[in-house]
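**Student:** Sequence:
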Amino acid sequence: MLSILAITFPIFLLILVGWGATISGITSAANIRGIGVFVIRLALPAMLFRALSQRPILALLDWNYLGVYVAGSLFAFGFVFLSARVFAKRDVADAAMMGLGSSSSNSGFIGFPIAVMVVGPDALVALSLTLIVENLVMIPIGLGLAESGRRAGEPIHRILLFVLRRLTRNPMILGILAGCAASATGWLPPAPLQRAIDLLADASTAAALFAIGGALASLRLSTVGWDIGGIVSGKLLLHPLAVGLALLVLPAPAIAHQQAMLIFAASPMLSVYALLSQTYGHEKRAAAALLGATSLSFLTLTLLVGWLHAPF
13 MLSILAITFP
23 IFLLILVGWG
33 ATISGITSAA
43 NIRGIGVFVI
53 RLALPAMLFR
63 ALSQRPILAL
73 LDWNYLGVYV
83 AGSLFAFGFV
93 FLSARVFAKR
103 DVADAAMMGL
113 GSSSSNSGFI
123 GFPIAVMVVG
133 PDALVALSLT
143 LIVENLVMIP
153 IGLGLAESGR
163 RAGEPIHRIL
173 LFVLRRLTRN
183 PMILGILAGC
193 AASATGWLPP
203 APLQRAIDLL
213 ADASTAAALF
223 AIGGALASLR
233 LSTVGWDIGG
243 IVSGKLLLHP
253 LAVGLALLVL
263 PAPAIAHQQA
273 MLIFAASPML
283 SVYALLSQTY
293 GHEKRAAAAL
303 LGATSLSFLT
313 LTLLVGWLHA
323 PF
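With our numbering, letter number 38 in the sequence shown gets 50, and the count goes up by one each step, no holes.
Do not rely on the hints blindly, as some may be mistaken.
Said to hold, decoys possible - Beta-carbon label-pair distances, calculated as ranges:
| no. | residue 1 | residue 2 | range |
| --- | --- | --- | --- |
| 1 | VAL261 | THR180 | 33 to 39 Å |
| 2 | SER230 | PRO202 | 38 to 44 Å |
| 3 | GLY293 | GLY241 | 16 to 22 Å |
To be clear, the hints were calculated from the coordinates, so they are not data collected in a lab. Beta carbons are placed, not taken as given, at the ideal position from N, Cα and C, and that holds for glycine.
From just these sequences and the hints, can you work out the full model?
**Tutor:** Structure, rendered in structure tokens:
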């Protein structure tokens, strides 16, 4: 058990340090936002570029991984979306944001630090593939449906243009594309530039975890109703179960990638979930779900890592 906690505890300890530093006034919410911007716009894209540019392009095209993760994520999204529409009578935009919260993970900030300690360097490629699914499939579907509900009657091309603009401004997508281009062409950055990229990439994990803790310090749990409970259970339970089921029925990737994708799927929802939900008037619910899922994920991820380490 101690070996399992040695993997998950340091991750959540850094989150707790960020939370404590913000609550105690050592740092401020504005500083935390600045750290978050640094991670999302610079450090994480640098880490993705470094990981992808140093591997053969064919090794990055794991179609089995993409197929399994897309199938599991779409199942989780569809189940929560339809449940919200049919049983809770939510409108399309509301149900879409609930589905997005149940199917898009905080892969880079929480999932990756755990996955890299479980499967090693293979977690870097798995992270890139997961981010491709999240940023090119799940988030566009969620935002597209939400916008179609909010902008009922508007031409479909305007909605698609809105989603496309968000994608082209995503630094993580740009980092993935740049890394793939460097891998395909064999281009290597000059030594001084590579050193700068390494420094940025190495700063990503600790800074990201600290920023998550600081951001959580400003969130509060509202009344836990079906909405919040459904989103949290959908993310921490349904999503990894759906990915696991997809592994059983579809061609599976390598064992290391199977373990990594389960860890990513079991991670809490993406850190910008509340920000995305703000456009549709559900930021308080999203913030409460994010706080609840991140807190509970220490237990669920610890159990999952223990199961992955169990001798079968």
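**Student:** Holds or violated: the 16 to 22 Å window for the beta-carbon distance between GLY293 and GLY241?
**Tutor:** holds, 20 Å
**Student:** Kindly confirm whether 33 to 39 Å is satisfied by the beta carbon distance between VAL261 and THR180.
**Tutor:** Because 34 Å falls inside the window, the suggested range holds.
**Student:** Has the hinted range 38 to 44 Å been met by the Cβ atoms of SER230 and PRO202?
**Tutor:** holds, 41 Å
Violated hints are absent here; each numbered hint is respected by the structure.
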